[in-house]
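There are 2 protein chains.
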Amino acid sequence: MKKFRFVVIGGGAAGIVTAMGAAGMGFSVALIEKNRIGGECSWTGCVPSKALLSAAKEARRIGRSSDWGLEHGGIVDTAKVMGKVRELTQLTADRAQTKSLLENSGVEIFFGTPRFLSANEVAVNGETLRGRDIVIATGSSPVRPPHIGLEGVKYCTNQEIFKLDEIPASLGIIGGGPIGVEMAQAFSRLGSRVVLFQSGPRILPKDDAELAGQLAGILRGEGVEIKLNIKVKDVAETSRSIAVNALEADGSMTETTVSALLVAAGRQPNVEGLGLEGIGVDYNSRGIKVNEYLQTTVPHIWACGDSNGKYQFSHIAEVEARLTLQNMLLPIKRKVDYFGAPWTTFTDPELSHVGLTEQEAIAQGLRHRVYRQQLAHIDRAIEEQEDKGLIKIIAGDGGKILGASVLATNSAEMVNEILVHRQAGFGLDKVSSLPHVYPSWGYGLQRAADPWLVDLGKKWFVRFGLEILRKL
Amino acid sequence: MKKFRFVVIGGGAAGIVTAMGAAGMGFSVALIEKNRIGGECSWTGCVPSKALLSAAKEARRIGRSSDWGLEHGGIVDTAKVMGKVRELTQLTADRAQTKSLLENSGVEIFFGTPRFLSANEVAVNGETLRGRDIVIATGSSPVRPPHIGLEGVKYCTNQEIFKLDEIPASLGIIGGGPIGVEMAQAFSRLGSRVVLFQSGPRILPKDDAELAGQLAGILRGEGVEIKLNIKVKDVAETSRSIAVNALEADGSMTETTVSALLVAAGRQPNVEGLGLEGIGVDYNSRGIKVNEYLQTTVPHIWACGDSNGKYQFSHIAEVEARLTLQNMLLPIKRKVDYFGAPWTTFTDPELSHVGLTEQEAIAQGLRHRVYRQQLAHIDRAIEEQEDKGLIKIIAGDGGKILGASVLATNSAEMVNEILVHRQAGFGLDKVSSLPHVYPSWGYGLQRAADPWLVDLGKKWFVRFGLEILRKL
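These protein sequence lines map, in sequence, to chains G and Z. Heads up: the first sequence runs through residues 1 to 472, numbered per the numbering used here. Heads up: the second sequence runs through residues 1 to 472, numbered per the numbering used here.
Wrong hints could be hidden among the right ones.
One copy or two, it doesn't matter: identical chains are merged, so the pair holds either way.
[To be verified] Derived DSS-like pairs: lysine-lysine, alpha-carbon spacing no greater than 27 Å straight-line:
no.: 1; residue 1: 206; residue 2: 233
no.: 2; residue 1: 34; residue 2: 388
no.: 3; residue 1: 333; residue 2: 458
no.: 4; residue 1: 458; residue 2: 99
If you're looking for bench data, these hints aren't it; they were derived computationally from the structure. If you're wondering where the values come from, they're calculated on a predicted model, not measured in any experiment.
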């Protein structure tokens, strides 16, 4: 048996941050990983998808380059595109050197499938690791919907899609969440005929409804077929193609034939097979139960990242991992703060979010006003011929920022900024009065907030009796 | 004679904001403009240059699209490119509708050349306008270096360059400031052979020296010839070309022949011909003298924007205009705060700045440490094959942010964020611990700041005797 101060299960974003942080402070740390250090995000998630989206952006820009007076015809070497995506994914990992950094920090890495033997002991690959504290950071996996015949079909999830040798002639996508939507745009722009099947009434159900609708319109304009309120009932492989049979909103059954199928029907936390039931750690299909300190029902066992089922973003996993580290080490525990949980769907334009959506503000009965700014009136967007989109800032009393949803090129950077305003307790007056670089994209936030400052000026005028100045 | 509460001279960024703000509060306002509402930025500065740079970015992406497996050959229809730039400039103005907005706010606009008759009276186009307060917002114009023979040559400044019918075969640029550098990249990428003449030892002398050097390297790599420490002595027009004779750093004279010439040798405030000498407003060739409240030497005459010679950015002009408006209206005056004066040179990658540069921190003898993060290790930059650049955050005691200089795609957005941190009094701990969306460009800031938080953790550990925990 090997003894450690900490045993961390999972070598993705949450596990890496926890293990490296603890080891950096001189503690003994074991890290258990089933497959490759880096996790879903590095190998089959954020990283390869952004490379593919970048290729797709390039292809689209070339396709409309005549708008700029740049005349080009061209073909897509789809094998080379997919090869480049894999090359860049590998390059990202090579430059990060995470495994070496972990080892150099003093983390001992064990590859294999872990299983709890007791509340302090984990078996992996024939060894038993004992830890005073144990962190579960096992991540999540794609949901594979049962009873629709998937087992008889050669389909992809995000774990296989980036291994394709080339861009398929057509692609069916089951699921209209961030993965489905990003891949719909990427493959469509690179030449696939894409059909997206979404069971609900709109894509990106966690995002602002209006902006998700606008994005759906943009995707449809680019040629993506989006089917809403549709239930995939059955998939079947025929010679070289896949038939997707689905129940349409109007009650009819339709068959769609595609050359490849991506299943992006949500993600489930990796909780099975760990032996949690034997040691008193509560969990269900939505994740491992944790309290606000990220402790499981066994206080010295913690769960962070996708495995606890709260959020599925690597930057949020990092927040949780840092907190877990502090809470394991320090006598006074802090509650987790998600800072408004910013996220982005990296389509072009990007759809980004932080804090409350307009719909959430309404549902919570909060007094609020929505400050809206069309990208069509933001100078940089016009100058780059990328002027589709809308900035929405949801503000409460005193101009307090409750949230923001932005559909725009570089909207991820805008919500990064809004995050800082929120954290500082700033309101729209600061968004409006701080001099954003002109003409940056973020300057659009300033324009969105300007009406608040104008209104404030008028109120001051009345309150302090300054009208009299007008007559002087 | 027409009486107004405020007379504003100049219809650029500073004048528009002042006039519209005052009119919006119900005051009578006259605005005098020589030429077109919008100013240098809207017609011959920021706006058309960004459109041209956007076309140039497109051309470059097409040129290297085979990196992505997108095989294309192509030609540049340079007349169409220049036409598109003008079209987008016009579109930006049309959508802004500034003139209508001003008039609808109640501003009375007078076109013509203004001249002070007294400290309260301005003559324009046969009329006399009387104002209790007068705002000078006349902007700046390109410097036209004397004694080098420019008068005998058909050359461009930023006021003429966007009127070119097509991209010239070759372009000489006198001056290595933001305009010269942006245009060097734009025209080079669109097919010109570009030679840039810079009298000093480096381009962009107000920016971080290291990053300006890196940008020069990038431009040279793209084919721009940059000549440093060189004095242009004489220019002369021959049949269809222009000969630029210059004294090289080694004392030799060289002749460079180009088909077009751009003079971008700095800007001078528009102060001549206003009749300022007759009314006691002090000024010199560097601008109109103002105090910290932006009052000239005649207290009810104010100067904001480029005319006061402090900064030459439209977003800073806005800051000054808003302050001027407040100081004119309210009994208690506030001093101008430039919020670290952020700016960006919109090359690709962008070079952006806020607060102190490393060189300024050294010159001021401030205790500081520079936190550096190569873009080559930022995931998004790798995934987009845009990984040239460097983030530098200059931090003082307690991780306080003194400034930042960033060479990166979208670095303008990053300094927008840093601006908010500075304003909130946040230090590197917040930059590191707030969850920037992964993989945004701004996530690079978080990575740059991480070492500070790691060091802080270690210090806490020692200070609070937490090492004992390691042995438990």
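As a check of your reading, is residue 333 near residue 458 (CA-CA no more than 27 Å) within one copy, between copies, both or neither? Result: close only across copies, 18 Å inter versus 46 Å intra.
Check residue 206 against residue 233 for me: Cα-Cα at most 27 Å, and say if that holds within a copy, between copies, both or neither. within (24 Å within a copy, 64 Å between copies)
First find the shortest C-alpha distance between residue 458 and residue 99 inside one copy, then the shortest across copies, and answer within, between, both or neither for a cut-off of 27 Å. between (59 Å within a copy, 22 Å between copies)
Is it within a copy, between copies, both, or neither that the alpha carbon of residue 34 lies no farther than 27 Å from that of residue 388? The answer is neither: 43 Å in one copy and 34 Å across copies each exceed 27 Å.
Comparing the model with each earlier hint shows a violation of hint 2 alone; every other hint is respected.
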